[in-house]
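Chains as they are written, first to last, in our numbering: chain A, 1 to 307; chain B, 1001 to 1610.
For the record, the hints were derived by calculation from the structure and aren't laboratory data. From the three backbone atoms N, C-alpha and C, an ideal C-beta is built for every residue, glycine too. A hint or two may mislead.
[To be verified] Below, simulated SDA-like cross-link-like pairs (lysine to any residue); rule was C-alpha separation at most 25 Å, straight line:
(1) B/Lys1416 <-> B/Lys1474
(2) B/Lys1404 <-> B/Val1584
(3) B/Lys1404 <-> B/Pro1394
(4) B/Lys1404 <-> B/Gly1535
(5) B/Lys1108 <-> A/Pro109
(6) B/Lys1511 <-> A/Thr107
(7) B/Lys1108 <-> A/Arg182
(8) B/Lys1108 <-> A/Leu300
(9) B/Lys1108 <-> A/Val287
(10) B/Lys1416 <-> B/Thr1451
(11) B/Lys1474 <-> B/Glu1505
(12) B/Lys1108 <-> A/Tyr156
(13) B/Lys1416 <-> B/Lys1573
(14) B/Lys1108 <-> A/Leu293
(15) B/Lys1511 <-> A/Pro109
[As the list claims (entries may be wrong)] Which stretches of chain A does chain B cover? Using the computed rule of at least three CB atoms under 8 Å from a CB of chain B, they are:
(16) 113-120
(17) 238-245
(18) 248-256
(19) 292-302
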Amino acid sequence: MPASDRIIINLGTGSGVINWANFISQCFNGLVTGALLALISSGLTIIYGTLGVLNLAHGAMFMLGGYAGWVTYTYTDSFLAAVVAGSLFVMLVGVVMERLVIRHFYTRPHEDQLLVTFGLGIVFVETVRFFFGSLSQTVPPPGPLVGITDLGFMIYPTYRLALLGIVAVALLTLYFVLYRTRIGMIVRAGIEDSVMVDSLGINVYKVFMLVFGIGAMAAGFAGIVNAPVVSIAPDVGEAILVQTFVVVVIGGVGSFPGAVIGGLIAGEIISITTMFNPAYSQIMLFVAMTLVLVLRPHGLLGQAGRE
Amino acid sequence: MQIKRPYLVELFTALALLLAPFVLPHLGFSPSTINRILIWGLFGLGFDILFGYTGLLSFGQSAFYGTGGMFAAYLLTEAGFPYVMLSIVIGAVVAGVVGYLVGLIALKRTGIYFAMITVAIAEVFFFAEFNPLSAYTGGENGLPGVPTPVFNLGFTVLKFDTDWTMYTFLAFWYFVGIVIALRIVRSPVGAILSAIRDNPLRASALGHNIHGYKLTAFVVAAIYAGFAGGLLATMQGFMPPDAFMFDTSGQLVMQTAIGGAGTLFGPLIGATVWLYLSDFFQNVLHLGPTWKLVLGIVFVLLVVFLRRGIVGAIDDLYRMARSDRKNTAEPVAASSEAKAAAVEAMPARRRDGAQTSGPILQATGLTKRYGGLAANSDIDFSVDHGEMRGIIGPNGAGKSTFFKMLTCEVEPSAGKIVFEGRDITGMGVTDVCQLGLTKSYQINQLFDRLTVRRNLMIAALGETRGKFKLDLFKSIRSVPGLEDQVERTAALVNLTARLDTPVSELAYGEKRRLEIGLALATSPSLLLLDEPLAGMSPSERVETVALLKSIARGRTMIIIDHDMDSLFELVGKVTVLQEGRVLVEGTPAEIKTNAKVQEAYLGGVHGEVA
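Use the sequences and the hints to build the structure in full.
Here you go:
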């Protein structure tokens, strides 16, 4: 598999040409990439923060979202239906996964949790490959969003512009759920001190199941709304997972604002480096992560003692 | 079993490697599959030291496997270097150097962070190989034309250009690899690595520089990976770029988990199962790409149900069978457990020029603030050589925080600590333990998966070896005085009969005694005991008080406890803390009648003691 296929969220157009117009459009690309990464990373980070489990199958959730949406789209021809079905399906997968497997791993070492979620990720990827093959699939953007839009200072693909809005709304929704609802309060309290939440008589298992579902849904939603931009294949999740890790390390594990900021930083790094030389985008991302690790080992917004 | 007959494992491995080419083909293994198993097994030896023994789960080993292999392959093809074996060794060394640099970054964090960072770093290597460095690595084509090894011995020329001759070559190196790995595991470093896996906090508190040892394990794993990568290149005659892929790291992790981590042979067994099944599913059942799905499901089931892999399960069965036989003999052993009153405590450390009178520890103006909350404020505290000091105070008086500052587990917000004339403020728990100041914890901090003997060894090693020493190939049994130190400590804390029992099987009182034993085995000149009597039954308390008295000779001790009757019986002087400050200091008799103390407790004394 050539390397270029593996930079999945790389919306790079016209890389190599360095001028102001290209720079601005790359910054825009970075914003879109970053917002998507922020959304996916938020899902990973709230699961880790609340449940203490790092879900290595999170990339597979992104992929499942894309496929569930694509299947729905081929039957209904409706993009909206695809988004709804894709998100709900992944949420369901998350809930079932928590109930059947993850729940039995809360008391086991972190390493076992990593192993089992890694294994489940493979099972998801290979199951999709079994049913739909390895060829990549595309979902076209919804009718009104096809084409390009003239922003005055540059022209930009309409769907990507819309994608920025869609992901921003999703992030705001997640923010609202986390910071303005009862369940969100419990989740944030759980991130601070899960033992305490437990002893307050809150049924943590129900909350855990829901959080796992919501976290997975964030990735699944990103998977389907990104499908019109980058075609889907069984192993799209792998590169996403790695980028998500970098985001989380930069932002700080368990921090929702950290995931958002880390996502945007990562997105801009990928896009702007791509303008100069796409081959170095991953390397620059790694350089950024290393800098953060050296200067602020717990991430930009992370707290000490959470690992 | 490894302890009594040290070379048995090596012998069996050699036999198995000799027999394999005669047995395995009949079971459906092709020679090239067997060769690949050996390479994965060798790759896994290093990984098992890192993951199984040290507890560091890396998902980025592909970086070193690829680097070592690619470097060797580049030397042998593009650079035209003629010596195959030397190239492989150079590749392994390069992988080790790269591992050192990567380790410096990745080991800044532990647990899941470590896993994430290794994944990210390995991905960078993948991208670097494919693009910026493709002029050297061949990019997605890899490097073809890697020669097979040829050795001219003068009288004959050894060539390894067929599957079975290649097998002898790989089997030889696997054997060398396992011998080295076994030595590392049986060395003092090996013992400390397993201590880091079980309880890194305590390992560093016992005077071991755990960061240095983790980095050592990381580099060892990288060297094994690089060496295996070089062998892969010469076996295939081609260095594949896939070696750098995340899949490679993932497959290694899965094979190790399937075979059993922490067994050294786990990766080999896991690779055997993995490669056999993948051949079987693809060539016999014609499942095509579905084989990976089936193996993924098998892997998940194994992780869920068989926690220690195949080798671990065999080991468990073996132990079960053995303990059935042993159980009948157990009660006799328990009743004959001798009281260890007559054992002489080992002496406290003596340093040249160290004074033996006057204050051993002086703290001035010690303050610890957590945000707005002052846990300790402005404490002046001094203990003389040979003194037994008690510290009491109501819950929340700041006693444990005070101890943590003295042992340098937490840095004071203000103030100064002087130990044996040396300013130790902000020095770090490892160095302070090396100086002879250590603590037994309020909540047991033991190495749960290891035996009592191993626990005590790890504690005693800090004194004999210093905080960091790379005696990777030295047998732990040849460390002078270690055995003696362990036996004496065990006798002191009355655990001689339990020396070979894993800590997880001890009763609570025994664990409590081992907790004190760990601190004692470091031969401290100043020993802090944080609630040594907590949770003990009355009779256990009496025993422990006697134990504390016996170890007090020639040693300075500071004891925190809520059991005032016992404490007053032990110590010569008591310091009372209240709300983070020193309330009063005096002899037990003075404290008992002190009005301020009575007021501070407000009758709480009776509640606590009863």
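To see whether the hints hold, each was checked on the structure:
Between the alpha carbons of B/Lys1416 and B/Lys1474 the distance comes to roughly 40 Å, so the proposed pair goes past 25 Å and is violated. Of the pairs offered as hints, the one joining B/Lys1404 and B/Val1584 holds, with about 21 Å between alpha carbons and a cut-off of 25 Å not exceeded. Under the criterion of a C-alpha separation no larger than 25 Å, the hint pairing B/Lys1404 with B/Pro1394 is consistent with the structure, at around 17 Å. Taken as a hint, the B/Lys1404 and B/Gly1535 pair is honoured in the structure, with Cα atoms around 21 Å apart against an allowance of 25 Å.
A hinted pair counts as satisfied when its Cα atoms are at most 25 Å apart, and B/Lys1108 with A/Pro109 qualifies at roughly 20 Å. Pair hint B/Lys1511 plus A/Thr107 holds up; C-alpha atoms about 22 Å apart against a cutoff of 25 Å. Between B/Lys1108 and A/Arg182 the alpha-carbon distance is near 36 Å, which puts this suggested pair outside the 25 Å criterion. Proposed proximity of B/Lys1108 and A/Leu300 is supported: the alpha carbons are some 15 Å apart, at most 25 Å.
With a C-alpha separation of about 15 Å, the suggested pairing of B/Lys1108 with A/Val287 holds against the 25 Å cut-off. Annotation: proposed proximity of B/Lys1416 to B/Thr1451 is violated, straight-line Cα distance about 38 Å (limit 25 Å). This hinted pair does not check out: B/Lys1474 and B/Glu1505 have alpha carbons roughly 29 Å apart, beyond 25 Å. Proximity of B/Lys1108 to A/Tyr156 is assessed by CA-CA distance (about 42 Å); at most 25 Å being required, the pair is judged violated.
Of the supplied pair hints, the one linking B/Lys1416 and B/Lys1573 holds, its CA atoms being roughly 22 Å apart against a limit of 25 Å. Among the hinted pairs, B/Lys1108 with A/Leu293 is consistent with the structure: their alpha-carbon atoms are about 7 Å apart, no more than 25 Å. At most 25 Å may separate the alpha-carbon atoms for a hinted pair to count; B/Lys1511 and A/Pro109 meet this at roughly 22 Å. Given a C-beta distance limit of less than 8 Å, the hint that chain B covers the region 113-120 of chain A holds, as 6 residues qualify and 3 suffice.
Remark: the region 238-245 of chain A is confirmed as covered by chain B, as 5 of its residues place a Cβ nearer than 8 Å to a Cβ of that chain, reaching the required three. Coverage of a stretch by a chain is defined here by at least three residues with a beta carbon nearer than 8 Å to that chain's beta carbons; for the region 248-256 of chain A and chain B the count is 3, and the condition holds. Evaluation of the coverage hint for the region 292-302 of chain A: fulfilled, as 3 residues show C-beta separations to chain B shorter than 8 Å, against a requirement of three.
Hints 1, 7, 10, 11 and 12, counting from the list given before, are not met by this structure.
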